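Enquirer: Going down the list, the sequences are from chains A, B and C. If you're matching positions, the first sequence starts at 1 in my numbering and goes up one per residue. If you're matching positions, the second sequence starts at 1 in my numbering and goes up one per residue. If you're matching positions, the third sequence starts at 1 in my numbering and goes up one per residue.
Since the hints were derived computationally from the structure, they do not count as laboratory data. Check before you lean on any hint, since a few could be wrong.
To be verified - So these bits of chain B aren't anywhere near chain A, every CB distance computed over 12 Å: (1) Gln54; (2) Glu55; (3) Leu56; (4) Arg60; (5) Trp67; (6) Leu75; (7) Leu117; (8) Thr149; (9) Tyr153; (10) Ala158; (11) Arg187.
What the hints assert, rightly or not - Using 20 Å as the maximum straight-line C-alpha spacing, the simulated EDC-like pairs for lysine to aspartate or glutamate come out as follows: (12) B:Lys71 to B:Glu184; (13) C:Lys229 to C:Asp161; (14) C:Lys229 to C:Asp396; (15) B:Lys101 to A:Glu7; (16) C:Lys169 to C:Glu146; (17) B:Lys192 to A:Glu177.
Just so it is clear, the structure is predicted and the values come from calculations on it, not from any experiment. C-beta: ideal position from N, C-alpha, C; glycine also.
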Amino acid sequence: MFPIPIERRSRAVQITYQSLIPLALIMWLLPLIAVALFSIRPLADFTSGNYWGVPSSFELFTNYSRVFFDSDMPRYMLNSVLITVPTVIGAVALSCMTGFALGIYRFRGNLLIFLMFIAGNFVPFQILMVPVRDLTVSAGLYDTKLGLVLFHIAFQTGFCTLFMRNFIRALPYALIEAARVEGVAEWRIFWFVVLPLMKPAIAALAVLIFTFIWNDYFWAIVLTQGPNAQPVTAGITAFNSQFIAQYHLMSAGSIVAAIPPVAMFFLMQRHFIAGLTLGAVK
Amino acid sequence: MTVSPALFLLPGVLFFAVYVIIPIIQSFYISAFEWNGLGELSEQGEYVGLRNYQELFTDRAFEVSLWNNVKWLVLYLLAIPAGLFIALFLNQTVAGIRIYKSLFFFPFVLSQVVVGLVFSWFYLPREGLLNAIISFFGFEPVNILGDPTLATYGIIAAGLWPQTAYCMILYLTGLNAVDPEQVEAGRLDRAKGWRMLWYVILPQLRPATFIAFVVTIIGALRSFDMISVMTNGGPFGSTRVLSFYMFEKALSEYGFRMGYGSAIAVVLFLIMLVFILYFLWTMVQDERASRN
Amino acid sequence: MSKILTASVVTAAMVAGGASADGLSGTLRIISDMSNPTPRAVITQLAEDFDAMHPDLTVELEVIDREGWKSQIRNALSANPPDVVNWYAANRMAPYVNAGLFMDISDMYANGDLPGLDAVKGALTIDGKQWGVPYSYYQWGIYYREDIFNELGLSEPATFDEEIANCEKIIASGRKCYSIGSKFLWTAGGWFDYLNMRTNGFDFHMQLARGEVPWTDDRVRATFANWRKLIDMGAYIDDHQSYNWQDALPFVVNGEATAYLIGNFAVPHLRSAGMTDAQLDFYQFPQIGDYPMGEDAPTDTFHIPSGAENVEAAKAFLQFVTSAEVQTAINGPEGLGQLPINANSQVAQDEFIVQGFDMLSNNATGGIAQFFDRDFPAEMAALGMEGLQEFMVFPDNLEDILNRLESSRQRIY
Chain A
1 MFPIPIERRS
11 RAVQITYQSL
21 IPLALIMWLL
31 PLIAVALFSI
41 RPLADFTSGN
51 YWGVPSSFEL
61 FTNYSRVFFD
71 SDMPRYMLNS
81 VLITVPTVIG
91 AVALSCMTGF
101 ALGIYRFRGN
111 LLIFLMFIAG
121 NFVPFQILMV
131 PVRDLTVSAG
141 LYDTKLGLVL
151 FHIAFQTGFC
161 TLFMRNFIRA
171 LPYALIEAAR
181 VEGVAEWRIF
191 WFVVLPLMKP
201 AIAALAVLIF
211 TFIWNDYFWA
221 IVLTQGPNAQ
231 PVTAGITAFN
241 SQFIAQYHLM
251 SAGSIVAAIP
261 PVAMFFLMQR
271 HFIAGLTLGA
281 VK
Chain B
1 MTVSPALFLL
11 PGVLFFAVYV
21 IIPIIQSFYI
31 SAFEWNGLGE
41 LSEQGEYVGL
51 RNYQELFTDR
61 AFEVSLWNNV
71 KWLVLYLLAI
81 PAGLFIALFL
91 NQTVAGIRIY
101 KSLFFFPFVL
111 SQVVVGLVFS
121 WFYLPREGLL
131 NAIISFFGFE
141 PVNILGDPTL
151 ATYGIIAAGL
161 WPQTAYCMIL
171 YLTGLNAVDP
181 EQVEAGRLDR
191 AKGWRMLWYV
201 ILPQLRPATF
211 IAFVVTIIGA
221 LRSFDMISVM
231 TNGGPFGSTR
241 VLSFYMFEKA
251 LSEYGFRMGY
261 GSAIAVVLFL
271 IMLVFILYFL
281 WTMVQDERAS
291 RN
Chain C
1 MSKILTASVV
11 TAAMVAGGAS
21 ADGLSGTLRI
31 ISDMSNPTPR
41 AVITQLAEDF
51 DAMHPDLTVE
61 LEVIDREGWK
71 SQIRNALSAN
81 PPDVVNWYAA
91 NRMAPYVNAG
101 LFMDISDMYA
111 NGDLPGLDAV
121 KGALTIDGKQ
131 WGVPYSYYQW
141 GIYYREDIFN
151 ELGLSEPATF
161 DEEIANCEKI
171 IASGRKCYSI
181 GSKFLWTAGG
191 WFDYLNMRTN
201 GFDFHMQLAR
211 GEVPWTDDRV
221 RATFANWRKL
231 IDMGAYIDDH
241 QSYNWQDALP
251 FVVNGEATAY
261 LIGNFAVPHL
271 RSAGMTDAQL
281 DFYQFPQIGD
291 YPMGEDAPTD
301 TFHIPSGAEN
311 VEAAKAFLQF
321 VTSAEVQTAI
331 NGPEGLGQLP
341 INANSQVAQD
351 EFIVQGFDML
361 SNNATGGIAQ
371 FFDRDFPAEM
381 AALGMEGLQE
391 FMVFPDNLED
401 ILNRLESSRQ
411 RIY
């Protein structure tokens, strides 16, 4: 193991290390801790300039309930869910198929199509913006959740295909050979042989895509415009203009907006990290 | 047998072509027009050839954006050594270390909008914690986002926060897979600290470094959300980057110059293309190597 | 506020001759940018009342962030147009008129559907046609802390020299003279408007707006020289480029700055932050050169997008919001706290509304401007305000700024 395990070091080093970790963590999360502290203060603290002293009262419940009951925040959150979940399903479904095709079959153009998916996944969004907006507008999907979902599915298919194809490549090919020898139809091989083996990949990918899409801001402001369709990342700016200069509420609002992906991460940590670091090890 | 792959590929490829591949080509085409995005390009657009690109050369805002992109590219790469540093710090097996690792990592799952907001409050000249700390130590407070010479660096620093977390997790995974025998062999050779890291560990972390490099470069060139949230390109345009400037020119109230915006997007795309081609080349090499 | 409005709605409904007999049906989609707390309450109430008046009609209201709307309106109008939208009068609506995105509603003015609006028609006219209706306008001017002025023995200045003399005393007392939040640039436009109108007169200001005078003209420099006097003496709060206009209000409330050049829409915000009328007062921007006073009095508007589906209901809604009763109600001190645009409405008996109305009626003989970002063409306004903000932070960059603006002027007009 590198660096040298701390257990093998002197007692003094161990104690220093043990006390250094929480300190480093506090430093690391300082901006976030600051926001969390803001979100439980009353407005009076801000007008009186008491930003960092002891809060004059503890308003966690009041502030957060105002986020939920006095603003469009719940609608934005719901929109985010209704955009994110279909995208995850769509992108994972499409990429299971493309990944299967590119991972199992040998045919001319295989590598080319694969490279196209990877390259497309890396392009700057701005090169797509004008045409995609146009396409969405002319399809009558501007300012709808569906318009965003369709684009997200298409774009995420690039990354998902890269992921799935590499995962399928690592599966034991003999299994598929055996099925073919027995004359099993190709779609049945996909459905009954390969797909069950892909469960961990599907789980990892689903969690990753969930976070990516939940956190999207650029496409949300390009393709949607108001509380009918906008996800919470875009809605938070509208929220902030409703409660302008009221840092306690804005802080509470952004914490609320951040909770779902954070919760997703902590609940599905193993899958999340497995997905994120695929390829980081040989 | 020959039809099957085509059928499996069809939906994915179709979607990807319609929403990604074809739009790239269209953007190149649109960049040769003066068009306000209303009506059909063929009817309302005026063909201007390369005039939009010529205008870029005399556009000071474009020049500022381009320079800021360079700053982003260079400074964002600091996420890689910083991530490695934290990974080495946390690569222990003491009690509770898993929780620590998660907590160090989780800024990455916050949206850039939230990170942007969090840091813009952190930087606030009066209310912000940063200045509270600075003045506690007796220094003059700084208004990072209000100072055109500092604002871009302030945003990059905010961006480095989640990006470092990402690189950290890549390296933690990589370190997990480091061959213990090689490490012990290195120790027998009296390799220690830096030498060990450089000659034994880092070569084994190459795949993690490559991925960290790819995602960091892509992230740097995609920076948009945080600029939009933290400074909206200001003060007086000093924090614009190409991605933001393109959006401003194409979609903001004073903009709607789709052709000019597309020209900016094409420039950004070409910069990115250099990196994309390098990534693809590396991946193909790896693919070949693993097959042999 | 909701009570007043409901009462007036009933009156308006009676005037309209019975609520349900008008045959409006379907859905009326309104996109509004009235996102600040008070305006939000007003538009929400308006939508609810209009909905209640027409049983067969469903009113769908979408309130969009006011700053955000400025970059989204294009999209909204061209992509999925609603039936009614908010915007601004004069040059600011020109791009959408020219692009054919706003509906020509000249017939409503011609048919007498909009009684009492003749005086304000001009601000909504382009190419001899009318493209929308106003719903409110407001004066700009200097809102100041009367109690602090009294404490320091200051009185409302009539000339720029007096203004500066006051400011010196304010600074000596450890305060700043002016609060401003220039993050979204336009507040700096207000300062330029006034300094330029006072230094060179209203007509010159409009020539500059129309692109007929170079930015490098000596008269423009004179305006900036006057501005610089204030900047150099430290009259403005620090770090204003990081604040929006609301962020800058607490400086006035806390007494760290004594005055704020802003529109009357700021008054409800100041009041809800605890300012009483005894603490707060208003004066007209003082005289500099020997010119009749010109004033900024921006008009906020409603328009029907040309792609609207329920035009009939949209027109009825415009009639509703501009009617004398509704105008009196929504512009009252418990509503927007601004000036009604209908000649038959009552101006509320509110200290600031009355002063503003009096100033605009009797002491704005130079002329009435809309505002920097509404009088200058969009692209010039954007670049101009960026330059103004830069000047406020780095006055030494003036030469560079003016040259840049001048080369933009030559390209844009």
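Enquirer: Against this structure, judge whether each hint is valid.
Expert: Now for the hints, and whether the structure bears them out:
1. Gln54: 20 Å, holds
2. Glu55: 17 Å, holds
3. Leu56: Leu56 of chain B clear of chain A: closest Cβ-Cβ about 14 Å, beyond 12 Å.
4. Arg60: Holds, because the least Cβ-Cβ distance between Arg60 of chain B and chain A comes to about 20 Å, which exceeds 12 Å.
5. Trp67: The assertion about Trp67 of chain B holds, with a minimum of 17 Å to chain A.
6. Leu75: Per Cβ check, Leu75 of chain B is outside 12 Å of chain A; nearest 18 Å; holds.
7. Leu117: Non-interface label fails for Leu117 of chain B: nearest chain A Cβ at 5 Å, not farther than 12 Å.
8. Thr149: 22 Å, holds
9. Tyr153: 16 Å, holds
10. Ala158: Ala158 of chain B not clear of chain A: closest Cβ-Cβ about 8 Å, inside 12 Å.
11. Arg187: Arg187 of chain B not clear of chain A: closest Cβ-Cβ about 8 Å, inside 12 Å.
12. B:Lys71 to B:Glu184: Distance ~40 Å between Lys71 of chain B and Glu184 of chain B Cα, so the pair is violated.
13. C:Lys229 to C:Asp161: 11 Å, holds
14. C:Lys229 to C:Asp396: This hinted pair holds, its Cα atoms lying about 12 Å apart.
15. B:Lys101 to A:Glu7: The hint holds at about 18 Å.
16. C:Lys169 to C:Glu146: 14 Å, holds
17. B:Lys192 to A:Glu177: Answer violated: Lys192 of chain B to Glu177 of chain A is near 49 Å, above 20 Å.
When each numbered hint is compared with the structure, violations occur for hints 7, 10, 11, 12, 17.
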